[in-house]
Each structure stands twice: as C-alpha cells, then as structure tokens.
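Chains A and B, in that order, are what the protein sequence lines are. Counting the first sequence from 1 gives a position; this note's numbering is that position plus 345. Counting the second sequence from 1 gives a position; this note's numbering is that position plus 3.
Keep in mind that the hints were calculated from the coordinates and are not lab data. Don't take each hint at face value.
Stated by the list, open to error - Have a look at the derived ranges for each label pair, beta carbon to beta carbon:
id, chain 1, residue 1, chain 2, residue 2, range
1, A, Gly351, B, Trp11, 35 to 43 Å
2, A, Gln364, B, Arg25, 49 to 57 Å
3, A, Ala468, B, Lys15, 17 to 25 Å
4, B, Val245, A, Glu414, 51 to 59 Å
As the list claims (entries may be wrong) - Just a sample of chain B residues kept apart from chain A, beta carbon distances all over 10 Å, derived:
id, residue
5, Gln73
6, His76
7, Gln110
8, Ala142
9, Thr175
10, Pro331
11, Trp350
12, Ala356
13, Leu369
14, Ala452
15, Val453
On a predicted model such as this, the values are computed, not experimentally measured, just so you know. Ideal placement from N, C-alpha and C gives every residue a C-beta, glycine not left out.
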Amino acid sequence: MLGFDGVTKRFGPLTALDQCTFTARPGRLTGFLGPNGAGKTTAMRTVFGLVELDAGTVRWQGRPVSAAERARFGYMPEERGLYPRMRVRDQLVYLGQLSGHRAKNVAGSVDSWLERLGLAERAADRLDTLSHGNQQRVQLIAALVNDPDLLVLDEPFSGLDPIAVAAMGELLSDLAAGGATVLFSSHQLDLVEDLCQDVVIIERGHIVLAGELDDLRAAVPDRFVDIRYQGKAPDWCRLAPATVVEAGDGQARLRMERGADVAGLLAALQDQADIVSFNYQPPTLSELFREAVAA
Amino acid sequence: MNGVRQGWLVAKREMRERSRSRAFRASVVLMIVAVAAVLTLPALLMPGGGAKDIGLTGAAPPALAATVGQQAHAAGTTARIHHYASLTAGERAVRQGRVDVLVVGAQRLEWRGRADQQLEAVVTMAIQLVTVQQRAAAADIRPDAVSDLLAPVPITNVELGPVAGRSPADETAVVVMTGVLLFCISVFGAMVLNGVLEEKGSRVVEVLLARIPARTLLAGKIVGIGLLGLAQIGVTAVVALVTVTAVHSIDVPAVRAAVLAWALVWFVLGYVLYATVYGALGSLGSRVEDAQSVAGPASVVLVVAYFASFAMIAQPASALARAISFFPLTAPMAMPGRIAMGAAAWWEPIAAAVLTLAATAGLVLLAGRVYTSAILHSGPALSLREAWRATARPGPSATEADTHVAKALLHRARPLTGGRTTMTTDLTKHRLLITVLTGIGIALGIAVAVLTADVIIGVIAGAGFIAIATQMVNLWTRHSGPPVAHH
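Please take these sequences and the hints and turn them into a complete structure.
What follows is the structure, given as structure tokens:
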C-alpha cells in the first residue's frame, strides 16, 4: 500500500503540495485527478524521491520509501523520454539493471513484454526509428521491466488512439488483478470511472476528495434521475422535490436529494408523460469532480 | 541498492553507446590521422635527410666531385654528382628541380630559389679544400700536411635551458604536453556537458532519476567518458609513437617515464575536476543548444589556467609558477610542466595532487547539489543562484505549461511598475558589480606586472581575473547579454 502522509512541497512562494494525505491500495486501480497545475505530477515525483519534501512522508507498506523499495516501483513520467539513439532492447535491459536486477532476469522480462506488446521484431532497432505509438509502448515497458509492486503512471492515456487506450486499460486492470498497486493520473474522467475502484482528486495542492469511487458517489447528497419519454414532455415545474438539470428531445436529467421519494417522482412522471426508461443513480465521476474542484 | 554498481552500469552504458556511435568513431579516426599527419608532414615537406643532387659544369678541379662526396658523407647526407657540358643544360636541370645546386667553374653556386645552407656549406667546404690542395701542390707542399693543417677542431653545442639538467627539448615537450592536457580536458569535459544536456533534452533523465540518485548518474557519466577518453588517448599515443619511430621526423625528446606518468595522473585529476563542474553547469540548461551559455565560465577558467601555465614555462621555479601549480583549478595545467622541467621537489606534485583531490571532493558536493536541484528543471536556463537555493520548480510539464504561462502573464500584468523598478535596480547592481570587478582586475594585472617585471603575465592575470569574475556574476544572476526584460 502506498500512503501519502501530510506531504508538503513548496517552490519558492508557490505551495505545490499542501498537507496531502491519501492511500493507494494493492490489487486496485487508483485514478489521480485534478485540473492542470493542481500538483499531480509533483505528487507522483515525490514517490520516487525526485522532489525534496518540505514536510510529510511518502510510505510504502507503512514505512518511509527507501531506495531499496523504489527498485520494486515502476514509473512512467508525463514527459516521455528515453535515449533516442539507443537500441530498444539494450535500453530496456539497462533500465531494468539500474533498478537493481540482474541482466539475465531483466532480459527475460524485456523479451516477454516486447513479445506481448508486438515489438519483438523491433528489439534491435534504435528507438528513434520507431513510430510514436511504438515509442509509447517502449516507455510503458520501461516502467514494467522490473515487475513492479507499485506502478505510478502520469497521464498514461494521453496521445493514445482508441484501440491503444482500450489495450492500456486492460493491461492496467490485469496488473492490478495480479496484486500490484496502480496509481495513474488522467483527464479522461469517463475512462477513470470505468477502470478505477478508487480515486484521488487534487486541487491547488490540496487533496479535496479521496477514497473508493462507489462510496464517494454514494456519500454525495445529490441523486440524479435520467429519464426517456415518448410524446409530450412532462411539466418540469410539477415534479418537486426533483429539479431539471437538462432536458430536451425525449430525455431529461433531474436532480433530487438523497432519500427523497423516488417512487413518488416516478408516479408523478408517469401521470404526465409516457416514460420509456427511468434511471436513479448517484452523480457521475465528472459531476463529482466538477463539484469538488469548484468548491 | 548498491550505488557503486549503479554508477558502474551508467559508466558502462556511456562507453558502449559512445564507442558505437559513428560520430565518436569518426573523431577517433580523425584524431589518429591528424596526429600521424602532423608527425609525418615535416619529413615529407623538408626532405633534409635525403640524397642531394649536385650539378657540375665549367672548369673545375678533377678532385672536386670526389671531395663533395666525402664532405656530404661527413655531414650525414649523400651527394649524387651530375656533370653538364654546358651552362645552359646545367641551369635547365636546376630550374626543373633535377639538381639542387649547380656548381659553375668551382666559383659560383646556382640555386633554383633560396640557398640550402647545409648544402652550401658542404659544397663550399669541398671547393675550399680542393683549391687549397691544388695551391699546395703548386707550392710543392705535401697534400697530407695540408689535410693535417686543416683538420677541423671538434666543437660541441650545449643547450643549457632555464633549469640545470633540462634542455630546450624538455621545454618543447612541456609546451606540447600542456596543450594536449588542455585539449583532452576540454574535449572530454565537453562530452560530459553535452551528455548531461542530451539527457535533459530527451527527458530520459526523469526515468533514470526514478531509479538512481543524481550524484550516481553524474559520477557514472564522468567515469565512463573518462575511461573512454583514456582509451582514446592511449590509442592515439601508440599511433604517434609508431609514426615517430617509423618516420624519424622529429626528435622524441628523451621524456622521462615519470614525467609521462605524472602527465597522465594530472589528466585524470584535471578531467575529473572540470568534468564535475561541466556536469553541474550542464544541468542548468535544458537543451544541447544551451551548452555554450551555461558552460562559458568553466571554459574561460580552463583557458586562463592554460595561458597562465604557458607563461610560466620559462620560469618554472618562480613563486608565481609555484602558486599556480598548487591552485587546484590551474594545477592540472601547471604542475606537469614544472615536473617535466625538474623544477618541482618530489613532494610538490603529491601535495598539489592531494589539494586538487580535496578541491574536487568539495566541488562534487557543490556540483551534486546544483545538479540534483536543477536536473529536472525545464524551460529557460536556470541561474546558479536559483539552482543553489533549490527553489527551481522541476519543469512545468507540457500540459501544465499553458496554465503556467497564463499565470505568469497575470503576474506580470499586475505589478508592472513594481516589477520594472526591482528589475532596474537589479541591473544597476549587476553593472556596478561588473565595473568594480573590472577595476580590481586591472589593479591586479598592474600589481602582478610590477611584481614579476613581466607585462604579459600581468595582462594574463588581469584579463583572466576580469573574464572569470564577469562570467561568474553572469552565471549567478543570469543577466548575460543586453539588458532585456527578465523574470
């Protein structure tokens, strides 16, 4: 388990991280969300000792992270970068060795990853002869060569085509299923909602929301009702306690308090219109995010 | 995790990847060819040791041809004699370069261009001898007696040089050695500088630093490039030695093995010292294009150290020479020369080496701090002050850049007048500081010139001080170039 405990970092007058506390658990995908400049990259860098902290601790399995433990971590920085003129396989083996593994063991891992991501034939080529997409794959392998217990990925989905996004999502889910702790940042909230069990939302250096996604959604007092109807629209003003968020073209989204009379609302709707579907649910991650960040 | 093992992995990668690169291989071949050419060309351009062609025409004593041959032999060359029936034929041979000199009637020497002094001496001596013998025979004096009479008195040349037991050949060796040291330290130092900037430019540095500490990365790089440099120097030296032995173009001064060994030691010391500085300065920039602007000060110091050492070759025992051979930044250039000139007591190189090592250790700590705090920074080059205070924000990343710029614009827009004022006072302070330092430099130059009674050394000291001080101030505040809006 990865734990941030009161982590604080200042750059001159700017406080990039202010008393950040949250955890990322093994076997689960944790989405790390926040607007641009909120401190996501700085927070991820602290895990690898790339940023000297002004206060607080980053812990792994309850102990402050040490160099020996970092050997079992994998990291994909947002600024992708490898040696452009180095051969793909040499480069990956080198990075694995730097993490403290024997060349022989790393080579096996590198070869199987190259095979799995369809890069086996390019192993002896220079990195800069590969396409952008393939370079991204090599970058991902660089984070995976040492078979990490903790995987930290900064914007792993940025710049990927839809097929690659799906493949990446599947891969991350597999790794988590294998027992790894996976923390990644993304702006694609729908994707995070589909993939992640846990989320952490950061805004201007403060952690504004952290925990299990389902719990967070359930804890919000707002509930939403999505309806579809045929024919005449219901009278939106006569649906108290629900209010209309958006409406039009045979569908609408209503908001109401948690615990309000859902059955009553459905009955009222059915009185006024021909209801095709009625879906009562907590807010989506996007709504949760906007709410948290605007506060 | 073992830092030494990681450092060695970095060093091995540097050696393997660099020795694989076409640019490096080309540079090795180029250096070998250049050295071989420099050593061979003098022999090709000045065929001083080869046979000489001498033309004879007109009335000449019959013994002249044989005597020229003997004299040439005594001078260490061979003479080929050609007889020409007419002056015209002889002169044509001279003009076409078939003979080096035409002897006309044992009275006139005709050359194609300027007279070859050695050949002139040989021919003149032969003519004198033959003529004297002729006259002696006419005066009825035994030819043997004449020869005895004219037997040359052996005269030896002794080159004293500035220090007892050392010759001007040693001085030449020192000049060459100091130049080679400067060349090697700056070439391999620049490789470290570029290596650091390449890693920053390609952003691979973040992937590396997630695995190993910045100091290990810098140390491994310095060791790897250093070993590669030693190998290159070794190969080039072997080629040079073989060439010199094969061509006999120049005299290899009888350089003592101990002197060579010390030169190698000082290369290593100087390289490590300057490579550390270059590495730290390299981390201030963001791309390879920044190399010149961030590393300028170190290069200036290195060149000043070179000129100072160069100026000291003539008086290796002076107090100033002793001082610069102990000062860590100049010692790698100055001490090898003093050792070669025999002007250093046995303990002096050892003490200077220890001093340089201590200074390097200190620099490694300072450089490590600068490197660690600056290495993840991207964007415009940092000033040394920013890196030292570690307030540099590790690079606004690509996607964050927009908001960053927007924020910066907002910041700039608000306190426009306030910002101006502080900027102007900053610049005024900076100019004042430069002026004061220039004044101190001029005073220092004059003082040194008076003390050493040598204007050149004074100029070097003064100019060197001003150059280094100005560069340092610029690096510290990064107000280089014309005063444009900054921050």
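Open item on the list: Verify the CB-CB distance for Gln364 of chain A and Arg25 of chain B against the hinted window 49 to 57 Å.
Closed with: This hint holds: roughly 53 Å between Cβ atoms.
Open item on the list: I want to verify a distance hint. Is the separation of the beta carbons of Val245 of chain B and Glu414 of chain A within 51 to 59 Å?
Closed with: holds, 54 Å
Task: Distance rule for Gln110 of chain B, whose beta carbon must clear each one in chain A by more than 10 Å - done: holds, 73 Å
- [ ] Mind verifying the non-interface call on Gln73 of chain B? Its CB should be farther than 10 Å from each CB in chain A.
- [x] holds, 67 Å
TODO: Report holds if the minimum CB distance from Ala142 of chain B to chain A is greater than 10 Å, and violated otherwise.
DONE: Answer for Ala142 of chain B: holds, closest chain A Cβ roughly 87 Å.
Task: Minimum Cβ-Cβ distance from Ala356 of chain B to chain A exceeds 10 Å - done: Per Cβ check, Ala356 of chain B is outside 10 Å of chain A; nearest 33 Å; holds.
Task: Cβ separation of Gly351 of chain A and Trp11 of chain B, checked against the hinted range 35 to 43 Å - done: holds, 38 Å
Open item on the list: For Ala452 of chain B, is the shortest CB-to-CB distance to chain A above 10 Å, so the non-interface label stands?
Closed with: holds, 46 Å
Open item on the list: Please check whether the beta-carbon of Thr175 of chain B is more than 10 Å away from every beta-carbon in chain A.
Closed with: holds, 41 Å
Task: Minimum Cβ distance from Val453 of chain B to chain A greater than 10 Å, as the annotation requires - done: Label holds. Min Cβ-Cβ 48 Å, cutoff 10 Å.
Task: 10 Å Cβ clearance of Trp350 of chain B from chain A - done: Holds, since 42 Å exceeds 10 Å.
Task: Interface exclusion of Pro331 of chain B relative to chain A, criterion Cβ beyond 10 Å - done: Non-interface label stands for Pro331 of chain B: nearest chain A Cβ at 29 Å, farther than 10 Å.
The structure meets every hint from the earlier list without exception.
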